[in-house]
Amino acid sequence: MRREGSVFQGVGVVTLKELSDHLTSVRFFVLELLVMLIALVTVYAATQQIKDTTAEDPFLFLKLFTTSRDPLPAFLFWLSLLVPVMAIGLGFDSVNSEYNRRTLSRILSQPIYRDALLFGKFLGGLITLTIALVVLWLMVIGLGLLVLGIPPGGEEIARSFVFLLITIIYAGVWLSLAMLFSTLFRSPATAALVSLGFWLFLYLIWPILADVIAHGIIPPDPRYTALGLETPGTVELQQILARLSPSTLFSEVVVALLDPTTRALGPIYLSQLQGAVLGAPLPLSESMLIAWPQTVGMIASAILLFVIGYVVFQRQEVRA
Amino acid sequence: MSQSAMSQNTMSQSTVSEDAVIEAKDLTKTYGSTVAVDHISFSVGRGEIFGLLGPNGAGKTTTILMLLGLTDISGGEVNVLGFDPAREPLSVKRRVGYMPDTVGFYDGITAADNLRYTARLIGFKHADREKRIADALARVGLSESADKHVATFSRGMRQRLGLAEILMKGAQIAILDEPTSGLDPHATSELLAIIRNFKSEGVSVLLSSHLLERVQSVCDRVALFSGGRIALMGSVGDLGREVLGGGFVVDIEADGAGLAERLALIPGVSGVDKTGIGKLRLHADRDVRPEAAAEVVAMQGRLKYLGVHEPSLDAIYTRYFETKAAGDVAASEGERDAA
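Protein sequence lines, in the order shown, are assigned to chains A and B.
The first sequence runs contiguously to residue 324 in my numbering.
The second sequence runs contiguously to residue 1674 in my numbering.
I should point out that these hints are in silico values taken from the structure, not numbers from a laboratory.
All C-beta atoms, glycine included, are put in the ideal place defined by N, C-alpha and C.
Treat the hints with caution; some may be incorrect.
Unchecked claim - Here are the simulated SDA-like pairs of lysine to any residue, each with C-alpha atoms no more than 25 Å apart in a straight line:
no.: 1; chain 1: B; residue 1: Lys-1483; chain 2: A; residue 2: Thr-107
no.: 2; chain 1: B; residue 1: Lys-1614; chain 2: B; residue 2: Lys-1659
no.: 3; chain 1: B; residue 1: Lys-1483; chain 2: A; residue 2: Thr-28
no.: 4; chain 1: B; residue 1: Lys-1483; chain 2: A; residue 2: Asn-104
no.: 5; chain 1: B; residue 1: Lys-1639; chain 2: B; residue 2: Arg-1531
no.: 6; chain 1: B; residue 1: Lys-1460; chain 2: A; residue 2: Phe-12
no.: 7; chain 1: A; residue 1: Lys-55; chain 2: A; residue 2: Phe-81
no.: 8; chain 1: B; residue 1: Lys-1639; chain 2: B; residue 2: Ala-1522
no.: 9; chain 1: B; residue 1: Lys-1460; chain 2: A; residue 2: Ser-10
no.: 10; chain 1: B; residue 1: Lys-1460; chain 2: A; residue 2: Leu-23
no.: 11; chain 1: B; residue 1: Lys-1360; chain 2: A; residue 2: Leu-23
no.: 12; chain 1: B; residue 1: Lys-1483; chain 2: A; residue 2: Leu-23
no.: 13; chain 1: A; residue 1: Lys-55; chain 2: A; residue 2: Val-151
no.: 14; chain 1: B; residue 1: Lys-1659; chain 2: B; residue 2: Leu-1641
no.: 15; chain 1: B; residue 1: Lys-1460; chain 2: A; residue 2: Thr-107
no.: 16; chain 1: B; residue 1: Lys-1360; chain 2: A; residue 2: Arg-6
no.: 17; chain 1: B; residue 1: Lys-1483; chain 2: B; residue 2: Ala-1462
What the hints assert, rightly or not - Here are a few chain B residues that sit away from chain A, every Cβ distance over 12 Å (derived from the structure):
no.: 18; residue: Asp-1463
no.: 19; residue: Asp-1512
no.: 20; residue: Leu-1527
no.: 21; residue: Tyr-1640
Please work from the sequences and hints to get the whole structure.
Below, the structure is given as structure tokens:
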């Protein structure tokens, strides 16, 4: 049955409302403040470390994101940890709060479709995260300029910009997940706990579990073990399983982008090293090619999670 | 006439409307094997206040959601202002205002901002939007509270804000789900006054309630729901006469010596009771108000009040189901005897 009008009617209005709500909320302010503080401390520590240890590097600016100084982990570590928290923080009550406030049926009785409400909520959340991450990105660049005293090169800016886009996609995955649970569970507390639990499972436990499962399915070959090497089949399976986690995908993409010398994101065979100048940086386009499957994987994850939430929301009754 | 025959007769009369804004025919909603709304038919005329009344869980809200295209229709047909809510929900929603049961607003923003959000969703332009919002808030008496956060609003104020949203929208039909639920008597009477104003402006009103007594005063016609079906439908007076029997009861307050005796002579009047000083109650088999007024005028008396005494919907509802239950028992005993 064909319905009249566009499903996107009202998306802009809902997006602006969500954006306004997020940007003025205490929750977002606290999360943003936390991320800013951590960014300031870790990037400052990174600049000190770079000053102490690096004499000359063509990609000095990119090291701001990846360099750590004991006891502080690198900015990248914190980012991969806090971006999901921010995204879940914005999405865990996006749908169920409309039920709990009893606003859903009133809003849906206006001339819009449910699709517009869900799209608008997702876009509002994603734009909020984008604003936060762009501010963070500018802050890191600014701090780097200030402390290191040298301007970043064009390649560095381009790489860090792509890194910013990838981080936004990564945030989108967790926002979709949180919105899915917000649709599934009427209680915001349950949705938040399940979202955080899911994230912790995928971030901390799944990589370990992937290793155990891979070793169980393809036991290590004694010939490789005798040489002190990992069995290629086991490693490949472990990587395939680990890549089911968006966190793994993100960390792999980031490695390719922020370390231009990265030539592969899996086991490197001797045949691949023939003719290669070890340590020589790759151009951005080739680094992006290396990271492309992981990038597509993250985009697909975000879309898949959003679509599941969309289907569930469409089938739900409006009454609370 | 048997209750079921009476009910069907009333329904068939009621569904035929020359100027209907809502027409439902055999409307049905099922959830799996559960039938929430069972083949109901009714129509609402232009400028009419129509009540969907009945206990909680009787199918009133589900019916409303089907009218708005907010839930799928399992069977039957429905037409709202000439549009099919299932295929043309936007056209329906553009013209119909809805205030859900315990209406919710965004507590963190002001009353005016809540309406602004809705107005943007409807697509009103800025200048028009602001004028509509100011007018609507003034009409429900919330102008002073326009810039206050809704979190500070009482339940009655929230309900009035819900009505303001409908006014702002310029809706041709107002659908109000349990509008008086949880309100104190003062807030209820304020709300009912606003609902009466809807009618005076030509807006049709469909309201649902489980509080029969509270809303019967504003309804032109009512449909009494029971178990997903419409058990009775018609004006309260008609239903009272058909279910409770006893014909018309006309209350009259007027001056004039010997008025009671004169009124008792009106053809069709079976009795006259004195209910107070200058107050009389006529029992008749038809509406004798014109004749009663003429008698007062003929005696050069002063007519202070003349109206048909409406029976309580609660009494109608209770009597209907008592009679129905008794009929069901008799029928099952008959079947047992026959077996």
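Going down the list of hints, with the structure as the test:
1. B:Lys-1483 x A:Thr-107: Holds, because 18 Å separates the two Cα atoms, which is no more than 25 Å.
2. B:Lys-1614 x B:Lys-1659: 36 Å, violated
3. B:Lys-1483 x A:Thr-28: Holds - the C-alpha atoms of Thr-28 (chain A) and Lys-1483 (chain B) are around 17 Å apart, at most 25 Å.
4. B:Lys-1483 x A:Asn-104: Satisfied, since the Cα-Cα distance of roughly 21 Å is no more than 25 Å.
5. B:Lys-1639 x B:Arg-1531: Within the cut-off at roughly 23 Å; holds.
6. B:Lys-1460 x A:Phe-12: 18 Å, holds
7. A:Lys-55 x A:Phe-81: 21 Å, holds
8. B:Lys-1639 x B:Ala-1522: It is violated: about 28 Å lies between the C-alpha atoms, which goes past 25 Å.
9. B:Lys-1460 x A:Ser-10: The given pair, whose Cα atoms are some 19 Å apart, holds under the 25 Å limit.
10. B:Lys-1460 x A:Leu-23: 21 Å, holds
11. B:Lys-1360 x A:Leu-23: Distance ~43 Å between Lys-1360 (chain B) and Leu-23 (chain A) Cα, so the pair is violated.
12. B:Lys-1483 x A:Leu-23: 21 Å, holds
13. A:Lys-55 x A:Val-151: 9 Å, holds
14. B:Lys-1659 x B:Leu-1641: 34 Å, violated
15. B:Lys-1460 x A:Thr-107: Since the Cα atoms of Lys-1460 (chain B) and Thr-107 (chain A) sit roughly 23 Å apart, the hinted pair holds (cutoff 25 Å).
16. B:Lys-1360 x A:Arg-6: Between Lys-1360 (chain B) and Arg-6 (chain A) the Cα gap is close to 22 Å, so the pair holds against 25 Å.
17. B:Lys-1483 x B:Ala-1462: 21 Å, holds
18. Asp-1463: With a cut-off of 12 Å, Asp-1463 (chain B) remains clear of chain A, as the shortest Cβ separation is near 15 Å.
19. Asp-1512: 9 Å, violated
20. Leu-1527: About 21 Å separates Leu-1527 (chain B) from the closest Cβ of chain A, which puts it past 12 Å; holds.
21. Tyr-1640: 41 Å, holds
Hint compliance for this structure: hints 2, 8, 11, 14, 19 are broken, all remaining hints hold.
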